[in-house]
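One letter stands for each residue in the lines below.
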Amino acid sequence: MMPDLGKYADAVMGAYGASILLLGLIVWLSWRKAAQVRKRLAEVEGRTNG
Amino acid sequence: MWGTWWAWDPRLTSFLILFLFYLGYVALWEAIADPDTAADLTSVLCIVGSVFALLSRYAVNFWNQGLHQGASLSLDAEKNVADVFYQPLLVCIAGFVLLFLALVILRTRTEIRLRRIRALETRAQRAQVVA
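Going line by line, the protein sequences match chains A and B.
Position 23 of the first sequence, counted from 1, bears residue number 23 in my numbering, the numbering being contiguous throughout.
Position 14 of the second sequence, counted from 1, bears residue number 14 in my numbering, the numbering being contiguous throughout.
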């Protein structure tokens, strides 16, 4: 299944790791901002409508 | 073929230019306080910058002497990639397209909510001034 990466194994697996880390970071940051904005909108709507 | 971290290869060099352009785009967006002005200016920059995306995409064809191989996927039915790489490549493409769509939807909804917050707060401030 996994090809033998030989002497490049560390570099290739490191690149996979860094990519997964960055993708996870961008997803987490987007998700966190979305949750914060959703909460703030609910507060503002509650204040302005109530 | 490869065997090097960096070479002034057409694909690598054109992608470096594209990457620097992306950084400039983000920097311009962040440097302007008013979101509408930022959107106008960055959209112009984006149109100009799309040339670099095309340049990077076809760099291998334009300058044929690079390290990079030709297209991995093509419609000519010629097999360009071994099975051990072909199937993971398709899975990765599908995964990245889905991730891209999910992020675009999530961030678009966030932007719409932010604009609604600004509109509601502006309306509330105007109502206070009138009262």
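The hints are simulated quantities; they were obtained by calculation from the structure and are not laboratory data.
Glycine is no exception: its CB is placed at the ideal position from the N, C-alpha and C atoms.
Careful, some of the hints might be misleading.
Computed Cβ-Cβ distance ranges for the label pairs, DEER-style [said to hold, decoys possible]: (1) A:TYR16 x B:ALA71: 21 to 27 angstroms; (2) A:ALA35 x B:GLU30: 20 to 26 angstroms; (3) A:GLY17 x B:LEU55: 29 to 35 angstroms; (4) A:GLY17 x B:VAL91: 16 to 22 angstroms; (5) B:LEU20 x A:GLN36: 16 to 22 angstroms; (6) B:LEU41 x A:VAL12: 35 to 41 angstroms; (7) A:GLY24 x B:TRP63: 18 to 24 angstroms; (8) A:ALA9 x B:ASP40: 46 to 52 angstroms; (9) B:SER43 x A:GLY6: 44 to 50 angstroms; (10) A:ALA18 x B:GLN128: 26 to 32 angstroms; (11) A:GLY17 x B:GLN128: 48 to 54 angstroms; (12) A:GLY17 x B:ALA31: 28 to 34 angstroms; (13) B:LEU28 x A:ASP10: 44 to 50 angstroms; (14) A:SER30 x B:ALA53: 47 to 53 angstroms.
Hints violated by the structure (numbers, ascending): Numbers 5, 7, 10, 13 and 14 - these are the hints that the structure violates, sorted from lowest upward.
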